[in-house]
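Asks: Chain by chain, the residues run as shown.
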Amino acid sequence: DGGITQSPKYLFRKEGQNVTLSCEQNLNHDAMYWYRQDPGQGLRLIYYSQIVNDFQKGDIAEGYSVSREKKESFPLTVTSAQKNPTAFYLCASQARGLEGSPLHFGNGTRLTVT
Amino acid sequence: ILNVEQSPQSLHVQEGDSTNFTCSFPSSNFYALHWYRWETAKSPEALFVMTLNGDEKKKGRISATLNTKEGYSYLYIKGSQPEDSATYLCASFHTDKLIFGTGTRLQVFP
Chain A
47 DGGITQSPKY
57 LFRKEGQNVT
67 LSCEQNLNHD
77 AMYWYRQDPG
87 QGLRLIYYSQ
97 IVNDFQKGDI
107 AEGYSVSREK
117 KESFPLTVTS
127 AQKNPTAFYL
137 CASQARGLEG
147 SPLHFGNGTR
157 LTVT
Chain B
54 ILNVEQSPQS
64 LHVQEGDSTN
74 FTCSFPSSNF
84 YALHWYRWET
94 AKSPEALFVM
104 TLNGDEKKKG
114 RISATLNTKE
124 GYSYLYIKGS
134 QPEDSATYLC
144 ASFHTDKLIF
154 GTGTRLQVFP
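Taken in order, these protein sequences are the chains called A and B.
Note that this note's numbering gives residue 57 to position 11 of the first sequence, counting from 1, and the numbers run on in steps of one.
Note that this note's numbering gives residue 120 to position 67 of the second sequence, counting from 1, and the numbers run on in steps of one.
Among these hints, one or two may not hold up.
[To be verified] Straight-line C-alpha distance at most 30 Å; calculated BS3-like pairs for lysine-lysine:
hint, chain 1, residue 1, chain 2, residue 2
1, B, Lys112, B, Lys150
2, B, Lys110, A, Lys60
3, A, Lys129, B, Lys112
4, B, Lys150, A, Lys116
5, B, Lys131, A, Lys117
None of these hints come from the bench; they were simulated from the model.
Make the full structure from the sequences, and use the hints.
Replies: Pasting the structure below:
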């Protein structure tokens, strides 16, 4: 079955450590997105990528980094520079150039930093 | 930063009631409007994607309309059921990214 997989589901880290969240898709989608959700807020865009080896900052990119070396994978690194990293992170993919096509979401990773 | 707004923030209705939500978005550089349903402990699931002014889409008891000139979309649920309880997100596609609203949380009581 085609889908998008995020791992792990829960992640705990100490303050000051970098942590990488995994996102893999086998839908052959070109576009991939990372969103963050905080209580009482909507999904806020961190980074997005429309094609391999290219990505753009979203609205809240500070303290995050991404790579897009393969079409299937779009890992997100939460660096120690991110001031409030504890949040729920959602990855999504979309067929490229088809803004009329829906996003497919993973099940999310809940990151807790203490 | 582009802003997409949804209202109401939350809604409690009785089973059988019909209800509707509003999504407001910037009309400039608009390409598409998405609606998603997000149930607890699951990932968001696409309901509709609309691109043209005047578009109307329907899936069972749920329907949506789009007005791109004035920048709003309505989502309607006819005869709400407890299984409709979820957060309903709208998102507006501008240039090359999708911007989400904060969602409307719907609870349907039996």
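Asks: Flag every earlier hint the structure violates by its number, smallest first.
Replies: 2, 3 and 5
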